[in-house]
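Participant: The listed protein sequences correspond, in order, to chains A and B. Start counting the first sequence at 1; every next residue gets the next number (the numbering used here). Start counting the second sequence at 1001; every next residue gets the next number (the numbering used here).
If you're looking for bench data, these hints aren't it; they were derived computationally from the structure. Hints should not be assumed to be uniformly reliable.
[To be verified] Straight line, CA to CA, 25 Å or less: simulated DSS-like cross-link-like pairs of lysine-lysine:
{"no.": "1", "chain 1": "A", "residue 1": "K107", "chain 2": "A", "residue 2": "K126"}
{"no.": "2", "chain 1": "A", "residue 1": "K87", "chain 2": "B", "residue 2": "K1011"}
{"no.": "3", "chain 1": "B", "residue 1": "K1021", "chain 2": "A", "residue 2": "K87"}
{"no.": "4", "chain 1": "A", "residue 1": "K126", "chain 2": "B", "residue 2": "K1011"}
{"no.": "5", "chain 1": "B", "residue 1": "K1083", "chain 2": "B", "residue 2": "K1051"}
{"no.": "6", "chain 1": "A", "residue 1": "K126", "chain 2": "B", "residue 2": "K1021"}
{"no.": "7", "chain 1": "B", "residue 1": "K1051", "chain 2": "B", "residue 2": "K1021"}
{"no.": "8", "chain 1": "A", "residue 1": "K107", "chain 2": "B", "residue 2": "K1083"}
{"no.": "9", "chain 1": "A", "residue 1": "K282", "chain 2": "A", "residue 2": "K207"}
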Amino acid sequence: MDAVRISHVTRTFGSVTAVDDLSLTVPQGSIYGFIGPNGSGKTTTMRMIVNIFYPDRGEIRLFGDGRPETSTDLIGYLPEERGLYQKMTVQALLEFYGELRSGRGVKTEVARWLQRLDLAGRASDKVETLSRGMTQKVQFIATVIPEPKLLLLDEPFSGLDPVSAEAIRAAILDLRRHGVTVILSTHDMHLAETLCDYIFMIFRGRKVLDGTIGSIQDRYGEDTIRVTVNGGLAAVQQLPGVEQIRDLGQVQELRLTRGADPQEVLRALVAQAQVTSFSLTKPSLHDIFMRIAGPAAEEANHAAA
Amino acid sequence: MRLHKILTIAKRDYIATVRTKAFVFGLVVAPVLFGGGSIAMTFFKGQPDLKDRRVAIVDHTGVVAGPLVSAAREKNDREIFGKITHQQIAPRYVFEVIAPAANSKDQLLELSDRVRRKQLAAFLEIGKDALLPPDPAEDSPARISYYTNAGGIDEMRNWLNGPINDGVRLARLAQLGIDIDSHKGLTASVSIEGLSLLERDEKTGEVHKARKRSELEGFFVPFAVAMILAMIVMVGSAPMLQNVTQDKSQRIVETLLGAATPFELMTGKVLGSVGVSVTSSVLYVLAGTFAVNALGVAGLLPLSIIPWFYVYLLADVVMLSAFAAALGACCSTPQDAQNLAMVLLMPCLIPMFMLVTILRQSNGALATVMSLIPPFTPILMLLRQAMPDGVPAWQPWVGLVGVLVFAAATVWAASRIFRLAILMQGKPPRLAEMLRWAMKR
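The whole structure should be built from the sequences, with the hints applied where relevant.
Facilitator: What follows is the structure in structure tokens.
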């Protein structure tokens, strides 16, 4: 059974179409990554799933035939712009959110999650006394208590230090192991690649990518060469068959023109520099993102228009 | 609509509000502010300036100053010392009788200078015609002049009215040859006693004697009842505006909307306000009951209006809280909320500006019409019901139906505005835009 089924959904705000004829299916028990530039429609899509916004057209169904308005108790939603009642204690706040969603006492779950995210000692402290990282962990706990069937996390890792981020990542993976479906939006392409089973990219309200990371990369083929050379970026200029160079510092990524022969490129490279590593790969998610929404793509779209 | 969500939100908001210092402070300060600072007035009244009030009298009749000096002496003996403490509690009135000089202007100027030098509090000139009956054709009937540079309320001048008129009347009677000493009390005032209407007992047929009516019954009790209602409604519903704006500006609201619908969220918040109002009303009603018992005026409180008090209280709080929630949802910053606070309090403030007018003519056309306009009904109808002459039986019921319909419409419109406005940022919408949202399908 699919956790979420979005069919031909459109949502406009005045003259702006935030989401345009979107269809998407999120399998139950998967981690689905929403990517896209700011203002592309990720948050609007999430808000429609959680019934904060209503679609102008199309429909959304959750866990079979459930409507969003009757399924909010199944969803844990962590918005991008999130705040907490500053004057409440951590314990009282988490119990409030748990009771609000489930209608029952959640003391045991609160204690378990506070222990797990290393916040047990701060249970009776007011939220206003917590550091930013601790506050974000409390926000995460407020979202997952009581355990929802569907978790919507809008930028869950933004502003987190590596230790806190790792704790949240481990918690998400653990929830998925227990059958929870997770939808998360992120601007961190590496995180999306490594954490998500599926990637959905939305650009200007329209779906531009949807599938597993492997299937998305397959669409682009092995058109990327990763090299390490003495001389760095300066040593890889003026190569035949290369249309774009991305400098990663110690490594350079070369995107081949359509039909170019990687062996030709290697020969030209060896002729002008000392090569210490050379690999032919599929494009990274970051590269694909930039190809769709980067400045070059913007210019191409503008010229086409 | 899920009841547990509404109750959870109501419980949190209720606890958060009653635990604030602002709520506790409001409970204490609001009665002081609404009572017109009467406590402060009583306190300062007990701290008078005890310096002698020296007044010069230039008496051209030669017969009025004497009784005036006697009256002042009697007042000093009677009133300036406390009966229990025997300490001075009021200033002594001292009169200095001065013979009229040939040059009246120079004399008055010299006395004026003495007032300016603070040797006198004032001086009094009793004209030679003071004993003559007033001539209706005369433009300026004042034949006694009181000169002072004292500002504000001059108790001496108020007091002088009685003894001077007594003195003048006695002098006139003496001129007619009436022996005043053998007719004491000839000029004594007669008091008028206010009484209620007579009633016949339906069972026994006996006619009950009319009850004594006091100023308290006709003015103070209705005024206090209406003020207490207004106060509780304001204390209960005004925090909602800041509360919703705060949830919005601190980005709390989107997390809440992930778990409850806008209608559930707003209803929960309104219910929290109702809880706050009921709490403060119970405290005020208990304190009020204690106060009227302590003052021995418990019988003046019309107990029959207490159910109406609570019905109007609940309806008014629901109406104003929903309105506040909608306004709060339209604000992005606490400053926006502050700017709209006056708009929110209008349904309470307008009736309060009208209290005295309606107390004067509680069954006049203006009072009837205003008390049937739903936003004003709770305070004004209750005020009229608390008056001794009451209101026609149909009016509270018609008023109540209007209030309930209007409250329901307010909640409905507010929830629609709330839903659309709660996630919007930037400049608050105009009234026309809010109305359009309320009507939007």
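Participant: Check each numbered hint from earlier against the structure, then list the numbers of those it violates in ascending order.
Facilitator: Going through the list in order, the structure violates hints 7, 8 and respects the others.
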